[in-house]
Amino acid sequence: MSRAGAHRSGVPGARRPRADETVPGELVVEARDLALRFGGVTSLDGVSLRQRRGEILAVIGPNGAGKTSLFNCLTGAYRPQQGSVTFWPQADRPTELVGRRPHAITRLGVARTFQNIRLFPALSALENVQIGTEVRQRYGPVGAILGLPHARRAERDGVRQALSLLDLVGLSHRTHELAASLPYGEQRRLEIARALGTGPSLLLLDEPAAGTNPAEKRDLAGLITRIAGTGVSVLLIEHDMRLVMSVATSVVVLNFGRVIAHGTPGEVQRDPAVIEAYLGVADDTGGDADGADVPAGPGAATRKDVR
Amino acid sequence: MRRRPLLGAIALAAAVTLTAAACGSDSDGGSSADGKKTITIGFQGVLSGDNQQLGLNALYGVRTAIAEVNADTSSPFQLKLVESDDGGSPDQGPTAAQKLIDDSKVVAVVGPMFSGATKASEPAYTQAGLLSVSPSATNPALTTLGFKTFYRVIAPDTVQGKAAADYVATVLQAKKVYSLDDKSEYGTGLSGALEPELKAKGVDVTHDGINPTKDYTSEATKIIAAAPDVLYYSGYYAELALLSKALKDKHFLGKIASGDGSLDPQYVAQAGAAAAEGTYLTCPCGDANTDPKAASFVASFKKVNKGAKPGTYSGEAYDATLALADVFKKLGTDVSRESVAGAFGSVNFQGITKTVAFEPSGEVKGSNVFVYQVKNGAIAVLGNTADLIKS
Amino acid sequence: MSAPPAGQPGPGGQPGPGGAATVPLRTSGNPPGSVDASGSAGSSGSAGGPARPGWHPAVLFTPARLRQLGVLLLVGVLAAIVTGPTGNSDKPLQAAKDSIADVRIVLYLGLAVALWVVLVLGAELRGALERVSAPVRAPIGAAYGRRGGPIVLNLVLLAIAIVAPLVVSTAAQQSMVNDIGIYALLALGLNVVVGYAGLLDLGYIAFFAIGAYTTAYFTSQTAMPWHAPFVLNPFFVFPIALVLAALAGVILGAPTLRLRGDYLAIVTLGFGEIIHLVANNADNITNGARGAFGVPHLSIDLLGIDYKWGIDPLPYYYLLVVIVVGVMIAFGRLERSRIGRSWAAIREDEIAAEATGVATLRMKLLAFAIGASVSGFAGVLFASKQFFNPQSFSLQASFFVVAVVIFGGMGSRLGVVVGAVVLQGLAFYLRDKVPPADRYIYFGAVIVIMMIFRPQGLVPSRRRRREIQLAEEGIGAADSLGVAPTGGQQ
Amino acid sequence: MGFLDQFWQLTIDGLMVGSLYAVIALGYTLVYGVLQLINFAHSEVFMLGSFGGLFAARGLLPDDGSVPGGLASVGLVAVGLGVGAICGGLAAFTLERVAYRPLRRRSAPRLAYLISAIGASLFAVNLAGKEFGRQNVDLPDLFHNGTVFSFFGADVSTQSLVIFAVAVAMLIGLDRLVAGTRLGQGIRAVAQDADTAVLMGVNVERIIIVTFVIGGLLAGAGGFLYAMTFNASYSMGFVPGVKAFTAAVLGGIGNVRGAMLGGLLLGLVESYGGYLFQASYKDVIAFLVLVAILMIRPSGLLGERLGRAA
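Line by line, the protein sequences are chains A, B, C and D.
My numbering numbers the first residue of the first sequence as 1 and each following residue consecutively.
My numbering numbers the first residue of the second sequence as 308 and each following residue consecutively.
My numbering numbers the first residue of the third sequence as 699 and each following residue consecutively.
My numbering numbers the first residue of the fourth sequence as 1189 and each following residue consecutively.
If you are wondering where the hints come from, they were derived from the structure by calculation, not from laboratory data.
A hint or two may mislead.
From the derived model, a few chain B residues whose C-beta atoms are all more than 10 Å from chain D [what the hints assert, rightly or not]:
no., residue
1, Gln359
2, Gln480
3, Leu487
4, Asp515
5, Thr520
6, Asp536
7, Leu560
8, Ala576
9, Ala578
10, Ser643
11, Glu666
12, Lys672
13, Asn683
Dumping the calculated DSSO-like pairs for lysine-lysine here, alpha-carbon to alpha-carbon at most 27 Å [unchecked claim]:
no., chain 1, residue 1, chain 2, residue 2
14, C, Lys789, B, Lys610
15, B, Lys609, C, Lys1131
16, C, Lys795, B, Lys412
17, C, Lys1006, B, Lys616
18, B, Lys609, C, Lys795
Think of the CB as a built atom: it goes at the ideal place given N, C-alpha and C, for glycine as much as any other residue.
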């Protein structure tokens, strides 16, 4: 991981989250005071954050700082013991997310990718994205079996949308290939396409650049910017500081399950607390809350990584 | 993955085994070498599953009868047997019956054995005009369902139920009876026939049902708590044996009684002589093992069936087969499905369990119900209920 | 499968055709096999290079090879015991002793040795076999692989299904209805649960019972003590049973589908037993063990068509063919719809599916309900065809349907139907060939062997085969039961 | 006669049967703890063990049908337990080798294990039926089964005492083994996290096979107790198997003490239930308990982990 910039000493920046400066109507998501504990391990300890609509917000922090836990709370994979998450699918419709099941949250408009890619490996690229595009479709088994007109129409729409999304992430040439057979970088992009298929207004990307080469990283930065350009807010976990600096409009820094800084990329880079966190963590290689980065599914223990 | 070749070989071996097994047992000799006419009869019964032993009892009885007929030099024909397994279940019944119907040589069938399989199979027999003589299906309704070619050499539950009730109330002088059935078709049929008869005689009846199990511990406690004079178990010997053991362990003071399903030497063997001692068994049949008249049957049964002893339904199956042979003899050269089905109703044959003769409905005539008791570790006949009640 | 690299006892030990034939095969299949069998000799020849060692006894008799022989001989002895005489408890080991002392043991041991030799020479043989069978398999494979191509193959199969009963005995026809037809239908329904949603339902036959008893309730005043105040034609019961069974599926599934996969199996097993026991015990409602006699046969009197089904199995067979084909087409469409894709997603990665907006619980419940409704539908057919009692709904029947689905190939519609044909055909064939009670020994063996060698089934669906392959490589999953119990082998 | 009059007798009956369930349940629990796998064929291990023990004890009984007493009885029970355990262990070992290991090597999907186990179970049941006959096989009394003492008017027989004592001894032995030995450490390590256990040098393959064998030993010994109390038959395994599984789930599968608690509770529930309702609903009660437990508290009464709770 790159910590470029974090070494540079700088002017003491704003240490308090500055989200309170935003006008509420502009928010897309607001988390208040989230706390998440596993047995004796605290992985989130009163985390609050706000994201404006259309913004690309990056969450950074050392390993085990609670970034993925935060994602899991936002998407319903974990239920925090404390705190709330409000999401505005539209500006005038605040919706509480805590307590909803992940698929319901996705349908509200919060989509995500996983740190360790979780595609449907034996399905084709197209089918992977189709599953995303079809979440809002209504037709049921009877429609499917009888081939009723509305079902066929929905089916065609789903395919068309999926194809255009594959085009957006540059995977048109892989349409009918198995997800598992794609190279790593392309799997990352396919996962993004699948998430976009659900029609999100907030997209959560968990280390999208992990394991990709520099050229792919550049492409990825372009892709993220393009996505934000279509009006989708992006919440991004990333270790690659160059990527964060190039795309993020603001940055939140987590350490030990707390927000230690919040601001523009430049401000955060100069924040002494951030610098200390990164330097301090270099010594004890951040093993404070391990396991918290992986959603605790039945497969979590052995499915360390897809590759 | 690594050991696929080895495991592949095992698969192949299994396949070969299957084929070898399939070919291996194909060779049962059709022996009609001495110029005699061969008449084929079928057997449909429960040859697999939990009740397989009952099926084997009957099948061995049929085989014994056939061996006797074939060994008899004066017999004008040889008998040949085709077996068909229905697993005792209604699903398999029609297929098993159809197999015998398809075999155009089969002129009569001994079976089906269980009432459920009978209900499922008889429509096909009726349609084919093929005679079927059940050695063991006791459901009273069977002769009222319009099965035209159905006969049975065993009395329906109602006959046994009534006689057993008479005996229990009059001879055993029970004031309180605990009637327990095994929730099988047979068991519920028998207890259903017994209980009204008992109540009609003013006996206090407690009913309970328990699916066949091995653990009768708490059931024994329940029975003892009810303190009946007689426990009447409607079910088979395997369960009665366990129940008797459990009751003995808990020092049950009443008498144990049961029906024809328990009239089997295995009952004593499995319960142990001590636990089985004194048990009364009713049966609308003469028991081959205890009846001196049938000594020769027991001997030839053992000879034919590698030492196996006759059990529940062996005698009935034997009688049914010999009754068929009797009809064949009378028919002479004209042995066909039609002629056999037509002639069987008027058969009158002295069997070892009873005189085989039928009412027009297909019900066996004037069945006597006998009572047996386990004495000194063996089942001994006490006599006909009618006689026992009179005396 | 690759060549055991040890033996090259072919003509003169030439690396030529044999080697050439096996190398491409290796790429298509699995990682090189028999590492265990002859690891020492493996390195030299495994690359398919020219310098293979010739046939040599030392290579032949490596410990691994000898162990292989030992295992095969054991299997041979076991086979002799399985096919040998039946014993009894007075002399518990007598039957086994007799089987081993019998001359047939020579046959089995001979077979074992022969097999071992074949294995040692396996690669060449396999290569040759593939070459011989390739021309036969290729067109079928190609035909089935192409989109639209399967139509021809399916039509051929359909033609066979139509003609087949005409050339067999009536007993076989009877079996084709009771055993094959009904079980094919049941298997198609269970396939939705097991094959599509990746769940295990061990109480599936309970819904069959619900269908059958529903039929008895509505169509006859005499079959059960408890009956409807009116009488319906069994045809009208089809939709009722469909809905009732689906409803039962939802009622059972809604609280239980949250459970871990193998718990679900146990709960459904318990449910199946409860239904079975209640049917058997409730004398005043279902007529208990005496069963329901007198459900009328199907009949049509509509639009000038007046037909009555009867004892003759053939009309039922053709009705079943129509229904089975209809269900196959319907489920094919379902599989290719968003619903089918959601199920695939759930199987392969439930967490990701949930995160992609798939309502996993609801989709599982849907699979459960659809499977149940097919079972209920089959129950109506069964009840109208013939007498039934609670014995027909035993746990063994549930296990058997599962076996049919797995054997045929989970997730493959054609596969499960073929599974029913083969397994029930085997049962029908064996009924006269081996002691009837021994049939299940062979059944058990076939199932275990199938799981070891061909977990994807006889006619696997392509998607399922890929999933199993990938799952075995540690990518994704192939069912919804959670992680494989490998004890951390990966 | 009211329920309360019989309460203590029913309790004793229930505890006796329950301790048999508990012993079988231990096998399910151990294997589940280590592999997260329900060993569906465990009931057949139990069946084979009970045949083994029964035949061994019967072979040593005097021919004249007399009931031995004193030390001879103790010896016979010990031999039966030992041979039963060995047969069970062997059966479990074979089962693991044939039906599970090939699948584990390929990391086959979970469904495959369940199916494979069902196949193995069918095979074993019917082969046993073929070899030993399909009749029930009775074991004559090994000791005089008198009343040892009475307890609120309920008789405690020698038999129930023997069963209870052996079952408790086995439980304590297993509990010590898992909690206090190196082997137990290995088992717990694998149960908690097999991957990490591998890294720490635990031979997982060996632990798995040992776990199966221990489960088999217990089931085999339990099988002998069962055959001694009731009798043996080829299809005997299924019902106690399901009951024992229920017991394991009830107590918290993967938890050794939970299995014991679950077994005893289930035995009691069945005993009371069979008295209060028609006895044929006894099995329904057991299944209802199972379904209810899984829905209300799927982790069981004492919680799940073998690693933690043992």
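Hint by hint, here is what the structure shows:
1. Gln359: Gln359 (chain B) is in fact no farther than 10 Å from some Cβ atom of chain D, at 5 Å.
2. Gln480: Since the minimum Cβ distance to chain D is about 22 Å, Gln480 (chain B) lies beyond 10 Å and the statement holds.
3. Leu487: Given a closest Cβ separation of 8 Å, the condition is violated.
4. Asp515: The claim is violated: Asp515 (chain B) sits with its nearest Cβ about 5 Å from chain D, within 10 Å.
5. Thr520: Its Cβ does come within 10 Å of chain D, the nearest being 7 Å, so this is violated.
6. Asp536: holds (15 Å)
7. Leu560: holds (14 Å)
8. Ala576: violated (7 Å)
9. Ala578: violated (7 Å)
10. Ser643: holds (37 Å)
11. Glu666: The claim holds: Glu666 (chain B) sits with its nearest Cβ about 34 Å from chain D, beyond 10 Å.
12. Lys672: The assertion about Lys672 (chain B) holds, with a minimum of 34 Å to chain D.
13. Asn683: holds (12 Å)
14. C:Lys789 with B:Lys610: holds (19 Å)
15. B:Lys609 with C:Lys1131: holds (25 Å)
16. C:Lys795 with B:Lys412: violated (39 Å)
17. C:Lys1006 with B:Lys616: violated (48 Å)
18. B:Lys609 with C:Lys795: Holds, at about 23 Å.
Checked against the numbered hints listed earlier, the structure breaks hints 1, 3, 4, 5, 8, 9, 16 and 17; every other hint is satisfied.
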